[in-house]
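Novice: If you want the building blocks of each chain, they are given just below.
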Amino acid sequence: MKKIFVLLVLATSFFIANSAFSPSEKQNFTIITERQESRLREFTTQVSQLKSLLEHNNGQKDIQLQFLKVRTAFKRWEYLGEFLDPVLVKDKINGAPLFRLERNTFGLNITRPNGLQALDELLFADSINTNEALPVVSELSDVLNELIKVRYPIYDRIVLEAARTELIRLFSLGLTGFDVPASGRSVADAVVVLQSIQEDLKLYQVGFASINSPHADVLYSRLFGSIQYLQGHQNFDSLNRLYVLKEFINPIFKEINYFHQASGIETINEVSAFLPPLNLNVDNIFSPALIDDSKYIGLPKKLNTPQLVSLGRTLFFDPVLSSNNQRSCAGCHDPSKAFSDGNIKSIAMNYEGTVDRNAPTLINCVYSEKFFHDLRAEALEDQIEHVVVSRKEFNTSVFEILSKLQSSKEYQDLFDNCFDKDNKGNNISNQNVSFAIAAYVSSLKSMNSPFDRYVRGESKSLDPSVERGFNLFMGKAACGTCHYAPLFNGTVPPRFEESESEVLGVPENPYTAIVSLDKDLGRGVAKLKDQTSFYMNSFKTPTIRNIALTGPYMHNGSYRTLEDVMDFYNHGGGRGIGLDVPTQTLSSDSLHLSPSEIKDIINFMQSLTDTTGLCSKPSSLPRFAQHPEWNKRKIGGAY
Amino acid sequence: MKKLLLLSTIGVCAFAQADAQIPFPVHIATDWTTQTVLMPKSPLMYQNIFIGGLDTVQTTNTYGFAGGGVPAKQWHDYIAFVKDSAAVGDLGWVVVNHEMTTKNDYVGDGGGMTTFKLKRTAGDKLEVVKQTLPDGRTGKFFNVDFVNTVGETGMNCGGITKNGRVWTAEEWMQSSNSAIYAGGTGFRDTTDFVIGTTTPAGFPAFNGKTLKRYQNLNWLVEVNPKTAKAVRKQYNWGRAGWEGGVIMDDNKTVYMFEDGSPGILGKFVASTPGDFTVGQMYVYKHDALTKWLAIENNLDTLVNLNTVAIRRGATMFNRLEWGAVSGGKIYICETGRDAFAYNSGIALKGVISPSLVDGYKIRYKIVNGVDFPGTDAAAADSVRNGRFFDYYGRVIEFDPATDAVRSYIEGGPYTATATSKDLPYYPSKHLSNPDGIDFLTVKGKTYMMIEEDLNGSSYNRMPNGFTQTVCELYLLDMSIANPTISDLQRLSACAPGAEITGAVQIDNKTILVNSQHPNSSNIAPYNNSLTYAISGFDGSDKLSIFEQAEVKTNAFSVYPNPAARELHLSKVMDVAIYSVTGARIKVLRNTQTVDVTDMASGTYFIRSAEGETVKFIVE
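Residue numbers (the numbering used here), protein chains in the order written: chain A, 1 to 639; chain B, 1 to 619.
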């Protein structure tokens with residue numbers, strides 16, 4: 001009861017202080033609502049002016065200057081605007097400048113690159129093509145004129161959560177240059193964002209100070225400090241992002257949370273059950289709990305027990321799941337190689353060639369919206385069936401596996417122990433097999449590498465080369481614009497609810513005299529609803545974590561070493577090395593990385609290795625009374 | 001405990017003075033509440049009947065693979081129900097469309113349908129009856145064979161049920177063989193299709209004619225639910241992105257609705273009642289003298305019906321979905337689209353539907369506070385030029401007696417004005433992108449069932465900040481003249497990410513509903529497509545099943561709606577919900593309803609801004 005009491009006192013005194021301070025004035029959330037409306041009006045006005053300059057064919061300099069005014073106005077509005085309507089911002093205002101499929105519509109309707117990022121590319125090109133730019137500005141102008149009519153209520157909860165969500169966005173998407181593909185104005189943008197947050201949080205300063213003055217001092221001084229630091233370090237390439245993260249982003253992120261909890265203001269968890277994987281109730285952007293892995297799987301929480309994980313592990317290592325009783329999941333996903341297999345492409349069933357692609361790591365694979373290199377499966381549970389029926393993989397059917405497993409008393413007991421106790425003997429089902437394997441695979445999580453521990457302040461020192469490498473990864477080398485921190489995969493922050501794929505132009509074999517584009521069309525032919533030209537040769541962005549263990553690299557395993565991979569990117573991907581890749585989403589410009597910079601990036605990537613506690617195998621496999629020959633099978637399979 | 005009480009009282013006073021955003025205490029004392037509201041058990045009973053991906057369907061020999069049991073396809077869309085009480089207690093056959101389109105060695109490439117027979121058992125529960133079909137298949141669920149009968153099917157969305165006959169609509173227009181082949185993941189067979197070469201039948205007027213394989217998709221297709229076999233593709237009704245249709249009581253006139261932008265409204269009149277292989281096809285053109293353009297019965301024309309129709313000046317709708325008949329009028333969902341313009345291409349030849357003109361004018365009035373000053377032609381021009389952000393959609397009414405179409409209820413509430421009488425109910429009464437529609441009769445009263453399929457969460461279609469879509473099934477009492485959003489009653493909400501669809505009444509007790517393509521990360525079984533039953537519509541006589549008596553307190557009053565699982569408040573307010581131990585579990589601002597669907601049975605407290613607390617018990 002003590003804790004409750006303390007909290008109540010805090011909450012009460014804060015609000016008494018607040019109301020005593022400004023009894024007749026407007027409440028904070030009202031002031032901020034009005035400010036946000038005015039920020040949107042300003043944004044809309046600046047866009048209209050840009051439109052007018054384009055219509056009158058003003059000079060490129062004038063147009064670019066006006067565009068920067070637009071960006072400033074947008075960035076002032078962004079932290080609340082994007083929190084309140086993230087889908088609108090992505091679809092129409094500041095999404096990646098790519099062709100996309102219109103969501104939830106009849107057939108495949110393609111939308112052209114639009115919004116601020118498309119404009120950034122068009123207006124900062126060598127010359128401006130008005131015929132291309134004007135429709136983009138007009139559409140943006142229409143969207144904002146519509147948006148101005150829509151009311152979005154803002155509450156104290158929203159202000160605090162929007163600010164914290166923005167800190168993740170600012171670090172992972174803003175400072176990496178993600179949303180300024182051509183103008184490169186990301187540090188100045190970050191200053192505007194932080195100023196906007198600071199302006200609104202100042203309204204709470206007296207109240208927060210009355211709750212806990214030392215904490216308030218940290219919050220407001222770091223906020224001020226972050227702005228000052230970034231104003232003094234505007235150079236994109238040389239900005240020390242690790243310093244910014246540790247010194248400013250994480251402390252501000254933590255202190256706002258402190259006051260959110262201490263003030264008794266409700267949290268998003270009390271407002272909706274339908275939340276994205278982002279979990280705001282943590283103190284560090286590199287906390288393992290920042291992303292809630294249970295949001296990616298359909299396994300009911302109450303079933304997700306250690307016994308089920310153990311059963312899943314047994315199934316994972318059991319070759320009885322395959323048609324010839326010789327192959328298990330572990331055959332291509334070897335724990336000692338972070339659950340990849342070291343082959344260019346894994347060996348196919350009965351040694352008849354190979355499967356079509358390279359075996360990816362399974363560690364942290366749960367943090368995905370879609371699965372496989374071509375994103376064809378929508379859930380971990382669905383993915384398993386693809387492997388089972390593939391002629392090159394298990395070459396069997398779900399029903400064949402079930403009838404085998406059902407013939408083992410030991411398996412029956414293991415399933416009964418995990419599922420419905422009243423349904424003894426009947427728990428081996430399609431869904432329960434998927435659940436068990438999904439429970440095990442989703443337990444393969446790792447956010448505890450030396451680099452993570454340093455960011456969280458759990459270790460005090462870091463190799464300077466790793467620090468340089470991280471800053472390059474997140475800045476000049478542009479790796480972080482697709483491999484998003486903190487997962488360093490293609491699951492998009494700050495909500496982590498969408499997986500991305502990219503067209504890199506990976507060659508079939510980079511080590512031959514004449515290099516040609518890999519023939520695998522990837523996502524473009526993976527399913528009917530992704531059948532578009534811009535998904536041809538597109539593959540899922542994998543995680544960088546544990547990359548030291550998962551070579552060879554790329555969807556086709558064509559690159560032997562990280563040095564070779566870095567060389568490919570440094571040249572601008574497939575187009576950069578002269579291949580014809582019209583839909584390449586990777587910039588074809590050189591990154592201008594020196595050999596020592598490449599070494600630093602590799603050192604950083606290798607500091608993300610952590611497989612602790614994830615590599616154990618079952619000590620035995622269940623027995624089959626009627627099939628003594630099966631009982632000799634090898635744990636993990638023969639090959 | 002005394003101290004706690006005192007402190008929370010102080011807190012409340014401070015706020016009342018400051019006209020503040022009420023900070024609901026994290027914990028409250030729970031021993032001083034006298035008022036109790038009872039949220040009775042729902043009079044409705046929910047039962048999962050058919051789960052995609054998990055239930056086993058029986059297949060016929062297909063592509064050289066032997067028939068047998070395989071997991072059912074997913075993405076349940078339209079549900080057809082055909083009464084069949086030949087065996088005692090049996091209710092009839094249920095046929096479920098699978099909109100999912102994939103390659104499958106056993107159930108066939110493309111989409112498909114599953115048929116099964118239901119009976120009622122003790123306690124009003126439903127049971128799927130084990131059957132043996134004429135072709136020898138035995139089991140509970142049967143895959144409807146399209147591959148060996150009419151060529152494959154695909155994108156099976158809506159449909160038509162009339163006099164025990166069922167048609168499925170192949171929406172999602174296909175335009176090339178390579179697209180349907182999908183790199184080997186779609187349709188394996190891309191050879192030409194010759195009409196009349198499959199059993200049981202081809203099509204009288206077109207036997208021997210050749211279609212590209214992709215052109216054998218996007219028709220309405222008749223199926224026999226009792227034999228689990230397709231009968232024929234309705235080539236004479238034209239090929240378009242058909243999403244749904246209705247057959248009128250004359251058993252001759254068919255209306256068809258196209259999901260396209262522009263989408264068309266089609267009509268077919270059979271020469272003889274019940275024989276839909278011979279008759280005349282038309283397309284709607286509201287500004288023509290006869291209102292309908294006759295379409296010649298020529299396969300080349302019929303294969304490209306949408307293009308032909310728009311070129312001839314047909315009326316253009318913004319994505320028609322399903323329709324249903326009540327009182328002789330046809331109600332059709334025009335689901336809307338986040339952006340569209342009809343100022344280029346063949347769309348320039350078409351004419352803007354009066355329903356869109358209505359929608360534009362209604363929106364104009366909300367935004368500007370005055371009626372649209374121009375003519376309907378001027379409003380139509382605005383729509384044509386893309387000035388109508390039609391992200392809500394509407395239900396439209398078509399009157400066969402006058403051939404006139406109008407907006408019946410606009411989606412929304414559109415939030416541009418604070419004075420709308422619909423706004424306080426947001427988001428619990430909030431209609432976005434209506435898609436499925438049918439009628440429900442409860443104790444002599446007719447309700448429209450409207451099912452949502454959200455096109456997105458932007459522009460407040462979900463409460464702000466939430467990107468996951470939750471689609472709802474609303475009821476609308478048809479005796480209400482000029483209905484608005486506040487007249488809607490929420491009956492069911494489906495799993496996040498899913499589209500709620502297929503709602504059909506099977507008798508006086510039960511409706512069946514589908515939840516399709518949910519987020520695969522929903523907790524099982526809500527991670528799969530699902531056909532579920534809602535039963536109990538024949539319950540208690542005293543009160544409408546949608547309302548319970550209200551309990552008044554000093555500052556506000558509460559009444560439970562057990563059917564919708566909602567507490568209704570007497571006014572728009574901020575409230576917090578506390579657990580039995582006084583721990584705050586929910587805070588709702590600016591609301592008039594509290595959804596208790598996800599709350600386990602037990603005791604809770606609801607606290608108003610003024611600090612008044614009422615106990616409520618969820619049974």
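There's no promise every hint is true.
What the hints assert, rightly or not - Now the stretches of chain B that chain A is said to cover, found in silico as 3 or more residues with beta-carbon under 8 angstroms:
1. 66-74
2. 143-150
3. 176-184
4. 251-261
5. 467-480
Just so you know, the hints here were simulated from the structure itself, not pulled from any lab data. Ideal Cβ placement from N, Cα and C applies to all residues, glycine included.
Novice: Each hint should be assessed against the structure and marked as holding or not.
Specialist: Quick rundown of the hints versus the structure:
1. Residue count for the segment 66-74 of chain B with a Cβ under 8 angstroms from a Cβ of chain A: 3. That meets the three needed, and the coverage hint holds.
2. Given as covered by chain A, the segment 143-150 of chain B fails the check, having 0 residues with a CB less than 8 angstroms from a CB of that chain where 3 are the minimum.
3. Given as covered by chain A, the segment 176-184 of chain B passes the check, having 5 residues with a CB less than 8 angstroms from a CB of that chain where 3 are the minimum.
4. Coverage of a stretch by a chain is defined here by at least three residues with a beta carbon nearer than 8 angstroms to that chain's beta carbons; for the segment 251-261 of chain B and chain A the count is 3, and the condition holds.
5. With a cut-off of 8 angstroms between beta carbons, the segment 467-480 of chain B has 3 residues touching chain A; three or more are needed, and the interface restraint holds.
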